[in-house]
Structure formats: structure tokens, C-alpha cells
Amino acid sequence: MRYIPHTAGDVAQMLGRVGVDTLEQLFVEVPEAVRLKRPLDLPEPVSEIELLREFKGLAEKNATVETYKSFLGGGAYHHFIPAVIDQLISRSEFYTAYTPYQPEISQGTLQAIFEFQTLICQLTGMDVANASMYDGASASAEAVLMAVRLTRRKRVLLSRALNPRYRATVATYCKYLGLELVEVAVGDDGRTDSADLAEKLDDKTAAVVLGYPNYFGVIEDVAAAAELTHQHGARLVTAVSEPVALGLLKSPGELGADIVAGDGQSFGLPLSFGGPYLGFFAVLQKDVRSMPGRLVGETTDLDGQRGFVLTLATREQHIRREKATSNICSNQGLCALMVTIFLSLLGKQGLREMAEQNLSKAAYARQQFASLKNFSIAFAGPSFNEFVVRSKPPVAEVLVGLEQAGILGGLSLADDYPELADCFLVCVTEQNQREEIDALVAALQGGAA
Amino acid sequence: MDFPEELKYTEEHEWVMVEADLAIVGISDFAQEALGDVVFAELPEVGTVLEAGKAFGVVESVKAVSDVYAPVSGTVEEINTDLLDAPEIINTSPYEDGWMIKIRMADAKAADNLMDAEAYQAHIDEEG
Amino acid sequence: MTIIGTSGLVLNEKLLFEHSAPGRKGYSLPKLDVPKTELAAELCREEISGFPELSEVDVVRHFTRLSTWNYGVDSGFYPLGSCTMKYNPKVNEVVARLPGLADIHPATPAHLTQGMLGLMYRLQESLAEISGFAKVTLQPAAGAQGEMTGMLVIRAWHEARGSKRTKVLIPATAHGTNPASAALAGYDVVPISSDGVLTLEEVEAHMNDDVAALMVTNPNTLGLFETNIEAICKLVHERGGLVYCDGANLNALMGIARPGDMGLDVMHFNLHKTFSTPHGGGGPGSGPVGVTAALAPYLPGPGVECDGKSYRLESVNESSIGRMMAFHGNVGIMVRAYAYIRSMGPTGLKHATEMAVLNANYVRARLEGVYDLPYKNRSLHEVVFSDKDLEGGCHTLDLAKRLIDYGYHPPTIYFPLVVKGAIMIEPTETESQEVLDEFCDAMIAIAGEARDNPELLHDAPIRSKVRRLDETAAARKPKLKWEEVG
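In the order they appear, the protein sequences are chains Y, X and B.
Reminder that position 114 of the first sequence reads as 114 in our numbering, one-by-one numbering, no gaps.
Reminder that position 109 of the second sequence reads as 558 in our numbering, one-by-one numbering, no gaps.
Reminder that position 163 of the third sequence reads as 740 in our numbering, one-by-one numbering, no gaps.
Accuracy of the hints is not assured; some may be wrong.
[Unchecked claim] Examples of chain Y residues lying across from chain B (beta carbon under 8 Å, computed):
1. Y3
2. L51
3. L88
4. Y166
5. E227
6. S330
Source of the hints: derived by calculation from the structure; they are not laboratory data.
Glycine residues also receive a C-beta, built at the ideal position from the N, C-alpha and C atoms.
The whole structure should be built from the sequences, with the hints applied where relevant.
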């Protein structure tokens, strides 16, 4: 086996040194009764050539955002990935290292995380960001738990316009913690209904969670929600699943958010059928000791040189065990590096330009849809790069028709929103050329559906 | 290691100095040494009602965290706000500048049952 | 002896933000091909203050330099105990990047993703076979999320039976994620002592009608097989509880014994440990969970199902605990792990385990007598020494730092907590006898240095990019981001 260096001679010599005669004797502590007395029932091993052939065969059976014109969003986005990212993360000093437990030989990882934390703070307008969480959904769940810890309250309001898979994840995390999850209705414009929010907020409420933009692509009035939330001493959590929007939109921090959770997939991570993505998590300075996840801080070494270390670790599971702020250990380190490289390349101008392209292309598509006879725009609220389309013909038929034209036309909302069973969610990014958008519209007009 | 005679001690390594019905509380020289460089101290708000034996605060070093327990019941009268910015005072002056809170005792004799310096020394020797 | 640690030319590098120059660009985008839309002014932010402006060359050089300050498995021996830092095969990186696997949107309909769903299904089946469990979910993102998933499943099973148990037993040797994960399932943690291996008596003493589960790690964090596991599982089951197994150390058991056959009810896998996927400087990992048939209805969804002809994502059913993540887990990591299983096959996986255990025992044989070995039972894949016999006032930390000067990544230190000054060495199967010999020579040389010239240990490391860092100052006045001066 090419990954295992031992020759028969090595094995014999090593067994001799250990003082046993056979490999079998190394397992003397494993009771006979629990031994596996047959070979594992798995396919025989393949060579590298065969492996590549097998995996290419599997790969050919999938529709990708390259083989189809894709308008799928809903928490995972098809964006530009600069070639630099994969070249740099393929340096194996990055990807074959682990958690920087020994800072003297982990300064590369540590400095990159420190830069990541800084970029997330700048982007979100918050004071402190951690080294990453698993994804936007689990980060949102951790944000809810943090708000519960801070307020010692048990009621949590989730906007119905928050990504339904984020809501489901929050519900799983809270399942056995005795919390009350309450849904806040969506208004006619696709924003969270402020009257319903005002009515449901009370002095037992720990947190209000809003998407920014929300699942319908609509830009919430975060400032107003923050004001209402703070009047009751609760915390406002904004969940950002499309962070490209923050290249253009006011930062959640500026609008009064207390915790910002989100997903960084849009920043240079391949779609990869849903993961690995990256959860980001940012808070206010006063709450830093309640936050989950690893933190890197700046310090100096014995010679006075600048260096970086893991810090404020007493919040974490390896020290505080069952009283820790989270159970998270491994996070999404390499994904955080990818995001750091992406944001370094795009920088101040690039992120704005990319955001403007998303906004403009989606607005163009939205106008085209609005002009179609059988389709209309469901929500009038301001949107970024996604919008909800209402369809006269059955949505399932429309989407299958588009597939046959080589288009992944959008996400049906039927399963998550029975009241929007006649609607689908369309996403347009800088990857969609005008011709693609025109082709989508033409297919619908021509009755591909 | 230094355990002043005029103080009372708990098994959890807090010390108490009684002045009438006021109890001044901190952690012992032994505790600060075992913990290492203190990097953070969390103290209760003034006015908090404390119950003897229940945690009232936390002291942390880089790689350890320890609850601090109320030696007596009562109400928090004052906290040492200097510790919030300079928790290392607990290391450099555990019995004087490093005091943590002052408790207005519900029962002025509550501290009488705590260990004296000699008993505390014996307790540490026993804990090994 | 050759010391492989040496000092080459290491380049300094500022922070990204300190490089920035207004107007510099490191990207290109096509010209906008639709009319430009303006967002309402009240929604728009100002430019992002402090955001970097760099050229592509700046960025490439920056991160290339940073990479040289790191130590990875590809740099050298990385015997970090309980982390299974085995070699990460390169072809796995290639297959994970095939466009047909990397560029699939997670909401693409099942009939257009049969290749990927088939791969995931086969990985589920392979993990079930390796572990002896009835059903596997791939969704959890890492070991700790797998633990939480497992504990939620246990809780759901109890609740479905109307049982309101509130406690979970966890041995003192456990990884800190165990108690933290149990707490997330709403359980109170009862620590139990374990001196070496867990005894039936110890478990019996704590097992009562309020205990929902026992969490064990097998082999445990001392590298010892829990020899009483069958009897312990039987006892816990008789008293109405379940047993969770932390599978972090599965590398010691592949093809030898299966946790599912020992009476364990739930176990998480760490694909980034046992199944060779890269650790990525702290992730992404992947933490699938296997369960017995009785617990299968409670697993999170969606999972991949097969009707004999095609694969589909089965949506969450009534009894399921729900979903742990937005989509289907860290799929890119699953692709690498499946490539590993295909490359190794049944005999290769067993061989990996045998060589991992041989390597740990070889290191133990070479270092026993030089370093204190607190537990004498036969080790499996890792071995734990202590610093008791280290002279010159030197401790485990000093030894670890001196190993850096010799060119090695230090072992896991000060864990498990039951060994004072623990030094936990897990060589894995991918290291040759020569590498182990060089490492053991270094360990022995350092023990000699501690006796004859302890300052070498106290001052170490001296060959690394930075020397020992002031962690106390970092924690007292945390500086957690770069800020513009002035």
C-alpha cells in the first residue's frame, strides 16, 4: 500500500523490539468475543488510475453550475472563485496542519485567522469575530444560544423570512434546552412584519433573528427591528447567508445588530453540494467572553517580536467542559483561509463592484420576469440578488421544463412555505451573463414550462 | 506560602477578613499560585444577595478557570473594580490589594466557623 | 544523530492591512452587461473602512510566506495524540476538485445528482460496515457536532419512550467536547473516575434510573482498549440507558473489532482523523454518526436512500431530531474519505490499523525507561508518557518546545487530564521505522539535555519563526483584530 511504508523486514524488526511475535499479539487487550472474525465487506482496493476513472464516472452523472445555466441560490451561491485561492490553499503547510496548538510553528495559520477575524469585523461592523463556525445555519443556532446565555431568558423569535434550513437548525440545537421558539410573520412586501414583531416581543424574549437579506432576497429593516428588540432588552441576531450583499448594504453593526452570524461560502468557496462552507460569527466587545469558538490574539514573543496565539480559551470545551460556551472544537479553518484570500484579492473596490453586478443583474432579471404574462414578482420590498417569482403554471412543471432547456431555473418554495406553493426563488449573480438571463426569460415566455 | 493569622479560610481556598458585620473576601496565596497568572476576574454586581457555599465570581488564568464561592451569606456591599482592569493584582497581592468583594453579612458570626490559618495549612497539606 | 530541525531563510511578512495601498487591485470582473442599478441610498454603506487594497502578487506572496511559518504532516512527523495526523493522499485532493463533484449546487434535483448521491450512499454503507452500526448519517460537520447529534438522538429515543432521564456519565479521561456536547442535549454531566480502563464496578456505582447514557471513548485517550466494554454496555442497557462511543480513536480498530458489535449504541467518526482527510489548520472536518437500528429513526436528515435503482435525499421524518446544518454536511470531505476507503480496500484498512498500533508500540518500547509510563497495559494506536522522570526542573511544555528545535511537531500535551504532565504520542501508520527511530533518538537526547543542560529546554524553541509567546499578556488585554493607528 503506497501510503504505508513498512516492509516485511521492518515489521519483523519492530515486532522484535516490541517483544511480540505476531501482529495479532498487539491486540491482546481486545477480547476475543468482540473481534471481527471475517474480512470487512468492502470492495477491493483500486489503483490511482482506477480511482480517477471511478470518480470521473461519478462526476459525469451530476448537473453542475457549469454544465447548466444556474439560477439557484437559497443559501449557496455560484460566485467567481479567483484561481489564486486554490493555488495558495494547496500549499500543504496550510492544509496538512491542524489546530495551532503550538504557536511557534503555526504562525502562518494564526496570522491568517487574525486577518480573517479583522476582515469579518470590518465587513459586519462588529467588534470581535471568531475563527469560524461550521456554516451559517449552525452559527445562527450558536448565536441564539449566546443570546439566551447573555439575557438568561428563554424565548426566541425567528422571522418566517429567515432561511428555513437555518430555522430548522436552530430548532435542533434548542430542542432539549427548554426554549420557546416563536415565528414572526412575513409582511406583504417580503420583509418581516414589524407589527407582528412588536406584538410578540416581550420582556422574556432573549433574541430576535432576521435574515439580512432574508430568504426571499429582501433587505430587512434591521435598524427598526433593532430598536424594537432593544426596547425589550433582547438581542438582535442578523443571519447573513449571502455576504456579498455586505459589499453594498449598511453593515449589521451600523444598524444595531448585537450578534452577526452568517455563511462565507460566497467568498471563494466552491458549491461542493452544500459543504464545506464557513460560518462566521461576530459580536460586540462587551459580550466577548460569552462567544463560542476559537479566537486568535496578538502578543509578543520572548524577543519582543509580534506573534499570534489562541486566546481567551477558558470559554472553550477543553477547559470549561460542560460549562463551555459551545462544544465546537474543529471549525472550518481552511475555509476561513479561503475567505481571507478572497477578500484580500477583491478588497475594498472589488467587493463593492461584485455586489453592484449582483444587484444590477438581479434587477435586470426581475424586470424581465415582471414583463412576462404568466409570471409576476411576489414581493415589492427592496432586494439584492434574489427574488421570488409567482407563477401561474405549476412551479414543478415550470422548473422541469427549464431543466430540459439546460437551465436550473430556481428553488421551489412549496415545501418550506405552503402559502407560496405557486412561487420559486431566483438568484442571479455576476456569473450569469445577460444572455443566460435572456435565455431563462425566453424559455418561460416560449412556454418551456 | 503565606496565610495571615488574622484571616479565616474556606476549603475552596477563599479567605475572609471580618470587620463587624462586613466580610472582605479574596482567594488565598495557595489558590493564586495554583491558578497561575490571573488574566480575568468576574465579580458580582453590588447589591447581589449571596448564599454561603454558592459561586459568586470567577477567576481565570490562561488555561484554567475557577469559581469563587461565597464563604458567608449576605449582600455584596462593594467590589474591587481595580481587578477588572488589572486582575494580576490577585497574584501580586492576594490578601490586600487583591481583595475581591465585601459582603454585608446576614449573620455577623457566620465566619466564626471557618478555618483559621493553622487549620487551613493542615487542609492544604492533606489535599496534597 | 542528525537533527532535522535547522534554520533556513524565513521571510518576515506584515499583516495584509499594513500592505494596503489605495487604488491597488487584485481581481478582475467582466464589464457589466446590463444597465447599472442603484440601491436606495438609505440602504447603502460607505466604503468598508480598513478593507485591504492589494495586487494579486501582494496576496500570493503574503500567503506563501505565511505558509512557511507552519508545520504540517507534509513537513514532517506530527505525532499529535488523539488527532491521527496521518498522511493526506494527494489524489484525494484531485478527485474532490473534479468539477462534476465540486460545482454542484446543493439544491440541484436528485435525478441530476445521481453520481454524488451514489458516492454519499456508498460512504454511508462503508462506514456502517467498518463500524458495525445499522445506519449512518453524514451530516455532522465535525466530531463535536457528531457527538451533539448522537446525544440528541439518545435524548430523542428516551423521550419517545416517555423516559425523562437527566444525567450522562462521562469518564475523567474524556475529551472536553464530550461533556460540552452532552450539555447541549440538555443533560447534566456526572464525571466518573477511570484509572486506566473503566471498570464495571465504577459504572455500576453511578448507574441509576436518572442516567440516560454513558459516554466512552474506545480505545480511550490513554490508548487503551476498554476491556470491560461488553459487560459495561450490558449493564447500562439493563438499567435503561444507552452507551455513546467517541470514535476519535477508530484508527486502532479497523478490521479488528467493530464498536457496533460491542454493544455500543451510537458512535461518531472523524473523517479527518481515521479516513485521511486533511486537518486544514483546524478544519473542515466531518463527523458522521452511526447508530443501532433502534436509534435509526431519530437520526438527522436528510440522508441518502436507495431504492435499488436510484438515490434520493430522504427528507426529515417525524421522529428525527431535525437538521444539524443548512445542507448535507461537509460533502467535499466525504469525497476525500470515500476515495481513501476505495484506495485502501478491506485489507488496506486493516493493515493501516495494524501498522498504526505497531508504530505506537514501537515508540513505547524505545522510550519506556527513559520516560515515565504511567499505564502498563498493552497500548493500541497511541501511548501516553508523563514528565515525572524529566530532570533539570523541566516539564512537558519544555520538552514539547525543544522537540520543535529538533524538527518535530510536539505530541499532544497535558491531556488526558488524569496523567500529570501527559505526553500523548500517536505516530499513525504512515510513518516509517526510520522516522520513528529519529524521533525517539530526539526524545532520548532531550531527556539527556534536561539532565545536563536544562536551559536548552527552558529557552526552546530557538529555531522557529518566533520564540515562546506571551499568552498571559494576550489574554489580559486581548487584541483580536488589526486596527488602523491614529
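Quick rundown of the hints versus the structure:
Satisfaction of the interface hint for Y3 (chain Y) is found here, the shortest Cβ-Cβ separation to chain B being roughly 5 Å, below the 8 Å cut-off. Given the 8 Å rule on beta carbons, the hint for L51 (chain Y) holds: about 6 Å separates it from the nearest Cβ of chain B. Annotation: L88 (chain Y) was flagged as interfacial toward chain B, and the flag holds, the nearest CB pair being 5 Å apart, inside 8 Å. Interface hint status for Y166 (chain Y): upheld, as the beta-carbon distance to the closest one in chain B is roughly 6 Å, under 8 Å.
Look at E227 (chain Y): its Cβ only gets to about 15 Å from chain B, farther than 8 Å, so that hint breaks. With a cut of 8 Å, the hint placing S330 (chain Y) at the interface with chain B holds, because the nearest CB-to-CB distance is about 4 Å.
Comparing the model with each numbered hint stated earlier shows that hint 5 is the single one that does not hold.
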